[in-house]
Structures are given as structure tokens and as C-alpha cells.
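My request is simple: use the sequences and hints to build the entire structure.
Residue numbers (my numbering), protein chains in the order written: chain A, 416 to 942; chain B, 416 to 942.
The reader is advised that the hints may include incorrect statements.
Any copy, or any two copies together, can satisfy a pair, since identical chains are not distinguished.
[Claimed, not checked] Mimicking DSS-like on lysine-lysine, the simulated pairs with C-alpha atoms at most 27 Å apart in a straight line are: (1) 643 / 824; (2) 526 / 652; (3) 652 / 543; (4) 848 / 770; (5) 541 / 770; (6) 912 / 848; (7) 585 / 600; (8) 582 / 603; (9) 854 / 433; (10) 600 / 824; (11) 551 / 541; (12) 585 / 717; (13) 824 / 907; (14) 551 / 643; (15) 483 / 770; (16) 600 / 582; (17) 487 / 854; (18) 770 / 907; (19) 661 / 824; (20) 717 / 422; (21) 585 / 603; (22) 433 / 526; (23) 433 / 603; (24) 600 / 487.
Worth flagging that the hints you see were computed from the coordinates, not collected in a lab.
2 protein chains.
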Amino acid sequence: MSFQGHKAYSRLQELAKKPIDLTQEGVLNSQRVDSFIAEAMGMKLLYATERVDEEVLKELFALASEAKAVKKMTSMQAGEIVNFIEGFPSEQRPALHTAMRDFFDDRNTAKMAAEATDLAYQELEKLKDFLNYIEKQARFTDIVQVGIGGSQLGPLAVYLGLEAYRKPNKRAHFLSNVDPDDGAKVLKRLDLSKTLVVIVSKSGGTLETLTNQEYVIEHFRRAGLDPKHHLIAVTGKGSPMDDPNKYLASFYMWDYIGGRYSVTSMVGGVTLAFTLGMERFLDFLRGAHAMDKVALEADPKKNLPLLSALLGIWNRDFLGHHTCAIIPYSEALSRFPAHLQQLDMESNGKRIDKKGHAVQFPTGPIIWGEPGTNGQHSFFQLLHQGTTIVPMEIIGFSESQYREDVLYKGTTCQEKLLSNLFAQSVALATGQKNDNPNKFFPGNRPNRILLSLRLDPFTMGSLLSYYEHKVAFQGFIWDINSFDQEGVQLGKVLALKFLDQFEMLRQGRKADAKGFALGHSYLRHLS
Amino acid sequence: MSFQGHKAYSRLQELAKKPIDLTQEGVLNSQRVDSFIAEAMGMKLLYATERVDEEVLKELFALASEAKAVKKMTSMQAGEIVNFIEGFPSEQRPALHTAMRDFFDDRNTAKMAAEATDLAYQELEKLKDFLNYIEKQARFTDIVQVGIGGSQLGPLAVYLGLEAYRKPNKRAHFLSNVDPDDGAKVLKRLDLSKTLVVIVSKSGGTLETLTNQEYVIEHFRRAGLDPKHHLIAVTGKGSPMDDPNKYLASFYMWDYIGGRYSVTSMVGGVTLAFTLGMERFLDFLRGAHAMDKVALEADPKKNLPLLSALLGIWNRDFLGHHTCAIIPYSEALSRFPAHLQQLDMESNGKRIDKKGHAVQFPTGPIIWGEPGTNGQHSFFQLLHQGTTIVPMEIIGFSESQYREDVLYKGTTCQEKLLSNLFAQSVALATGQKNDNPNKFFPGNRPNRILLSLRLDPFTMGSLLSYYEHKVAFQGFIWDINSFDQEGVQLGKVLALKFLDQFEMLRQGRKADAKGFALGHSYLRHLS
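Structure follows, in C-alpha cells:
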């Protein structure tokens, strides 16, 4: 059944004509705050400031049930093929990122999942041995992760998120862009003799990553060092990079792990375990695994990722909003929105459903965001008084990571941070009447708050998994394929045509270059 | 005359019903690339991939003329009052950021502007003397800029943009968030005895900044250092922070410089001149000043910021797009989109016009973005095949900053970067037909390219000014006030109420705390 064919769809369309008005005196009261709340694994989702009432929730839950959302999640975690388009050539793969951390209680016994977990556990053991080995040598203080997209965004976001927990003598750096200034800047500050470099590419053929590998190798050689004693590979078995002779160590990933879902595999594992230590990396996996179980919960009021997915669909398809801002009130999560941009927009920025039909409804929104309170002094003006409404998911923590604080004017920094978080949530929802039109706030800006005790490795893992499953649930309900990325292909092909132009011009073959007149034109405009 | 009252408005509405189809074979050809181009100060704007033709351009130019856009820009640069709402209490101020860099040829002779320039020049001379003085002492290697919003975003974006040009022994750091983990992380890595701290707050009353000042002072004391020998103030004359006894040096800014327009004032000046040196900082100002003059050009085909503003209005108000992505193909510009978020969204995220009437058309779009090629491996899937169209402004440079490059598979990194830039622009515009619906690209995604030779101090200044004026032009044409930010007030007031709650609970006055039942409710949910 297509998304728009569900019975709940038309009832929700009806309800969306007159959603609850949060600006009315007394509507957003304590009772509403206390009842529109869901909790699991120490994480609370407060959604009193969304434009939903019991009736809307009932229909959203009916929609999830009609779309068999939890059943599809169960299939996904079991390793059934979820990455496909019916009737057309497609990747035809499972999506088994949950198997990358199924090492704890209540393991999935489905054959595919169990096999994937066994393979992943072998890599984890290899990593443990490797880290012990290099730790004894005490040779390395820094690690550079060379990779782009999912091989950078997730690992970087988590590394920064947990920097408060890293070993004092272990640092990570990330090199992704083919922009030569990226490499120059990153390598400039390192003592290469103490540096490990992990090259990450599932296909072993990512242009940016291979180019940067070459860039790094050249720098090692210039420094009189043998790159083979510094380079590690994370790649698919049998890929062009699967060549142990070239690397100090190699770790595998599999084609059932999408780049944007790969943080808990070796793609994130090598750098995170090197800098945090194996115990904390395992805590991170444990947190992700715990949320994987929450995502299997049938009751949407207990299934946080599903509830968040439904609220997102309400905002996107019924209230008609095009974007969703993710605002962590935590400086450590400064790059988490960038990870979610890929996770969400590459998964659900799709225009056909799983039967290959062009969809007639909005799919994945534009995800963007910056930490609060910083954002308040930047773009929040538009959120409060602009002409486009931006639904928001706010992430907050009761306690800080370093627990270094000062009392200033009677309150701590952490209390100021939380006061601002709550105040923005309420202000966006309720607005404010005023006779001065410039001081009038229309309100009814939907938002929700995701609250935990502290951003530690376990919670970071849970947060990561929460969003992975939120995105997957939206895909299941829209009946689109959240696990491929055909949309990146055309640009790649065209880039090669432009590269040919550069090569021909370098070789003085100007006449040939004119065969691609458009490309020739663009290149002429380079100063 | 209101925006929708202009004659060109209704003609543009008519034209928007059938905009040029860039996916038609041959429409995007060399001739179009070569004719849809504007150039000034070594900067080229290539806009063949926008959905405009000569007729649309003619009407957009008529719109600019009816709205007296260039005349208003001239008034603004002369120091007339542009920050006002008619008939209601408002700030009633000029916006004189252009006077902060009017130190070169062809100075503005209007009284207000000339006076502002004289004052700014005094501060510049003070800064020069101060930097010479501390340079002789050779005491300081690091500077921490404490400030939020415009006191952080612009200076940080420019510092990172020009890091390739900084003095090898001078580094800058930024502390903005009231999150205590921000301060802990920044101060952790510094030798405070060699550290200058510049506290930036025009009002002298920004909660985050004063709290962080306290945080920093406490760390200096703990390290046995006298904060007075390390702290510099940048603030308004007569503000609570205007107290030379507390600071090693003080520099002024004025109420006619909005935070988001303050990078070229002392707000950016102290940190940028400290790290880059005065000569390069002056080059940066020179670049900004040169673009200020371009913005006074009557012909929109030569006035790059105006042309860009008009293309943005076409996309926003006539083609109906809600966001605009800024994609710099330059890792150095990684935080430039965050600066533009504030600049644009805080300026033009408004719902009333300058007469106090609620507008009936979309104003400022949501601005977001990340560097390319990184973005290609992240959210570009949605840009190519999603259900929401995202207009894009791409920023590129012919040459890299460090000029360290490798040849890999026949081309350099820089050539790969540029090939991807051009390829994305073309792919988004033309799309691609395919019988497999998953390989079909609808195209007609409007975008433009801003191309310069190299990101050096002069070009960085020009880029900054280009966007300042683009935003101002859009405000002039929409007839909204781009220079206030009333939308941030409500959250501030509510945050104080929550802070009171925390304070009462700290003091054990639980009964009192219940006076703000909603606040009490939220606080109870903190774990």
C-alpha cells in the first residue's frame, strides 16, 4: 500500500486543516508538558510543543501500523533485503548496521543478522589486538581518518561529541575534501613519524579518498618515512584497496553497510577506539545497541525513533514544512547536524517509491542546524518572525561533560544553557501578542526536545542509533528506499568529463578539448 | 511603494508560470554560459544555470529600479537612517559598516559616513599601536575571542578562511557558547600566560559573553595570572564594559554597526590583525571596500551583489523556493555558510515591512550549506532527486591557497575540485532522462557560481562585502528592515524566567518555584 493509500493518511489530511493552536492562553500548560512525553533508555522526548493532540497522535500511530513500520524495522534488523526497487535493477541488499553492535544481551538470532554480527565481531577482535600491539610500541599519538561522506561525517561528529572522553595522548584528524588546502592544513600540524592514517573507502574507488591517500603517501615519503608502516585500510573484501601488502593493517566492511550507517562498523571503529580506548568504544556500541532494541518496540509511545519519525511526517506531509532544524544545546555536538544531514537527506531525499513510481508527496526534508545558544544569536530571528516555519528538534543534557562550571549572577553556565533551551522551545510554540507589529511573535512553531543526563559514550551511541532508526522509519512509512543513493551518480560522471578537459588542456590538445564545448566554456572562465 | 505594488512584480509573476526549461537539449550551451556572466573586481558571477532568460532579467532589473535599490544603497553608505519601522518605536539608526573600511581611494564625503570613518580610523590606529607594543614584548602567541553571534561567526569564518595567511606563531580560538564544555575545551589547550582574550559585546550586557568572561577570569586567577594583563574589550562607548581599568586595552564599536555586519570593525579587527598582521588585515579591508563601490554601480549587470539579490528574489518569491544552499568548493570557507546564516536570516527573516504591515510574500530564505566536494557525498542526493528544490550559490577559486598539490591519474587535486564544481552546477540544471526511474534526474535546479582567482585577504574581504550587500539589497527591494532583530527578544525574556526557577530551586524555595508552573514542569524532567 502506498503512503497516500493508507486510511490514516486522509484522516490526517483532514486534521491538518485545523491543528491545535499552541498560542492560545493556557494550551501549553504543565499537564500538557507532562503527558506529551516519551521515555526509553534514559532518554526523554518532550513533544508538548508539537502541533499534535490525542486525535492526531492516534492517527499517526494508525499510519505506522498500516505501514507496518515496526515489522519492517524487525525485518531490517534480521537482515532481510530492504535496499531494493521493485521491477528495476537495484542494489538488492540488506541494511545490517545494527549487526555491527549486536554484541551484548538478547542477540538477534536471524541467520543473516547473526552471520553479519559474527563477521563484525572478528573485525572488532582484530582491532583490539592491533590496538594492543601498537599501544605496546607507543609509537602513535595521532590518527588521520581519510574518507569522505559517511567515512568522515559520522566518525567526526562522534569523535567531537566524545572528545571530553578521549585519552590525553591520542588525537584524531580528518581529511576528506579533494581541495588540496584541506590536506595541506591537516598534515601541516602533525609529526608524521607518530601518525597513523586510516584510509576508508568501501568500494576502494572513491576519487577524493584515493587522491588524498596519494597526497598523504607523498608526504610520508618526503619525510623519509615508509607509508606502509603508517597506513591502515578499511574497505570491502576484494576491493582494489584490499591489499594487505600496502597497509600496516586492514579491516573489512560489507556492502550491506551504507556509508551513512557505518559509524559503528570499522569505519568509525578504528579512529574511535584508538582515541577513546576500547572500553569506551564498547560503551558507545552498547548505547547504539540499546536503542536498536527500543526501535523494535510495538508501542509508538515507547518507541522514541518511531515517535520522532511520525512527528516529522506530520510536520512534513501534513503541515507542509520543508526543513527541519536540529539544534543541540551542546558544543560537543557541533558537527552532529552535519552527520544528520547526510544520514537523513541521502537516505530520504528520494522521488520514487519502492515500486518505482514518482511520489506525489514530500519525502525527506532539508536538515540543517547549529548548536544553541549560538544559533539564538544567529538565525533564530527567522525562526521566530520569518515567513517560513521551521520545525525543530532540540537536543539537551542535564549535566555537562567536563563538569567545570562557574556561578555567575546566581546560576551556573549549565543552568543558563538549559534555561535558554526550554525558553526557546516555549517561545517558538506560544509566540507573543503585541501592539507593536515588530514585537509580535506568531508562534505555533513546532518543536520537540530530546533530553538525556549527560553526553557520554553510551548516550552518544543511543543518539546515533535513534536518528538512524528515525530516518529508516520515515522511509518505511513513505515506502521509499532509504538505503541507496543513485542521485550522486550523474555529478560523478559529468565530473570525469570536466577532468578530461583539464587533462587535454594540460597536454596542449586544445582542439580535442572543444569536443565538449560546454566544458571548454566553463574552463575558459577560470582566471 | 510595497514590493508587490511594483509593476514589475506582476509581470514577473506572469513569467514565473513558465520559466525557461534548462533540461531541454541544447538550452544550456556555451553561448548561454558566456552571456549569463557578470564580472567585477576579479570576481565572476556565472548564472547560466539559473532559470532566467533575457525577459526575466529585464523585469528583475525593472524591479530593482522601481524599488530604488541602488539609491537606497547609496543612502545607506552615506549614513542615512535605514534601520527603522515607520510609525512604531524602532532603533532609528544608520547602518555604517561600509565606513569601517572606507580608508582607501574615493572616500565617501557624506557627513555621517565621513565622521564614522574618522572614528573607525582612530580605533585602527590604536590597534596598530597596541599590536606593535605587544609584538615588542613578544608575550602573546594565542588570542581567544569571547563573543557570540556576530562577535563570533564572521570573525571565525574569516580567520579560518585566511588561516593559510596567518603568522606561524599566532593562533586564534573562539569561545561563544554558554555551554561550560565550550570553555573547558578551549582553555584546556592553551598556555594562559601567553594568551590574550578579547571580550566582544557592543551592549556590554550579553549574558553568554559576560558569563564566559567570568569563566576565563577564574581560570586566569587559578593559574596565578592577573586577568587585567590579558583581557581586551571591544564594546560600545559608555557600555558597562567600557572600563579601561579592567582591560589591557579597549576598542570601540558603535550602535550603527550591527553585530552581523561588524567583521570589518574592531569586532573582527583585533583577532584578525593579531593573527594575520596589520598589512594583510588592511588588504582584507581593501577588498571589502572595493566591493562596497561595486554595490553603488547603477547597472545590475555590473553590480554583482544586486544581481545576486535579484536572482535570489526570483527563486524565493516567484519560483517559490524556501531555502538557499551556499556551497563553497573550498575547505577554508567551511564556516562561511554559518556566518551567512546569521547575516541573511537575522537580517531578512522578517514578517513586517518598513511601514509595520505584515508582508504577504516570502522574505529571507533559510540559508545553509557545507563545503564541496564533501556535500556531494552527503546531502546532494536530495538536491538532485528530492521533492524540494534547493537553489544554490556555489563559491569557487581557480587556484588553491597553499599551492601544494599532487598529480593523480593525470590531474591535480585543484582540477578535481573544479571539475566537480562545474559538473554539479550543470547536472543540477540539466538533469538526465533515464528509463529507470531511479536514475532519472528532473533537473531545473537553479544555481549560480561565484568564481575568483584565489581566496586571499583581498578576495575574502570582497566576498564578505558581496554578501552583506546582497542581503541589504534584498531588504531594500522587499522594503523590510534588515538591520534590527526584535525576534531574539522573547526567548531572552523567557530564559530569565527559567533562570529564576533554577535559582529558587538552588535556594530550596520550591514553593515559590511553583509560581511559574510551566517552568517547574520542565525542570522536573531533567534527570
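Taking the hints in turn, this is what the structure says about them:
no. : hint      : result
1   : 643 / 824 : between (57 Å within a copy, 21 Å between copies)
2   : 526 / 652 : within (20 Å within a copy, 72 Å between copies)
3   : 652 / 543 : within (20 Å within a copy, 60 Å between copies)
4   : 848 / 770 : between (48 Å within a copy, 18 Å between copies)
5   : 541 / 770 : neither (41 Å within a copy, 69 Å between copies)
6   : 912 / 848 : between (57 Å within a copy, 18 Å between copies)
7   : 585 / 600 : both (19 Å within a copy, 15 Å between copies)
8   : 582 / 603 : both (22 Å within a copy, 14 Å between copies)
9   : 854 / 433 : within (26 Å within a copy, 39 Å between copies)
10  : 600 / 824 : between (41 Å within a copy, 23 Å between copies)
11  : 551 / 541 : within (16 Å within a copy, 55 Å between copies)
12  : 585 / 717 : neither (39 Å within a copy, 52 Å between copies)
13  : 824 / 907 : between (55 Å within a copy, 15 Å between copies)
14  : 551 / 643 : within (19 Å within a copy, 46 Å between copies)
15  : 483 / 770 : within (17 Å within a copy, 53 Å between copies)
16  : 600 / 582 : both (23 Å within a copy, 14 Å between copies)
17  : 487 / 854 : between (47 Å within a copy, 25 Å between copies)
18  : 770 / 907 : within (26 Å within a copy, 49 Å between copies)
19  : 661 / 824 : between (59 Å within a copy, 19 Å between copies)
20  : 717 / 422 : within (23 Å within a copy, 56 Å between copies)
21  : 585 / 603 : both (17 Å within a copy, 15 Å between copies)
22  : 433 / 526 : neither (48 Å within a copy, 55 Å between copies)
23  : 433 / 603 : neither (58 Å within a copy, 52 Å between copies)
24  : 600 / 487 : neither (45 Å within a copy, 42 Å between copies)
Hints 5, 12, 22, 23, 24 from the earlier list are contradicted by this structure; the remaining hints agree with it.
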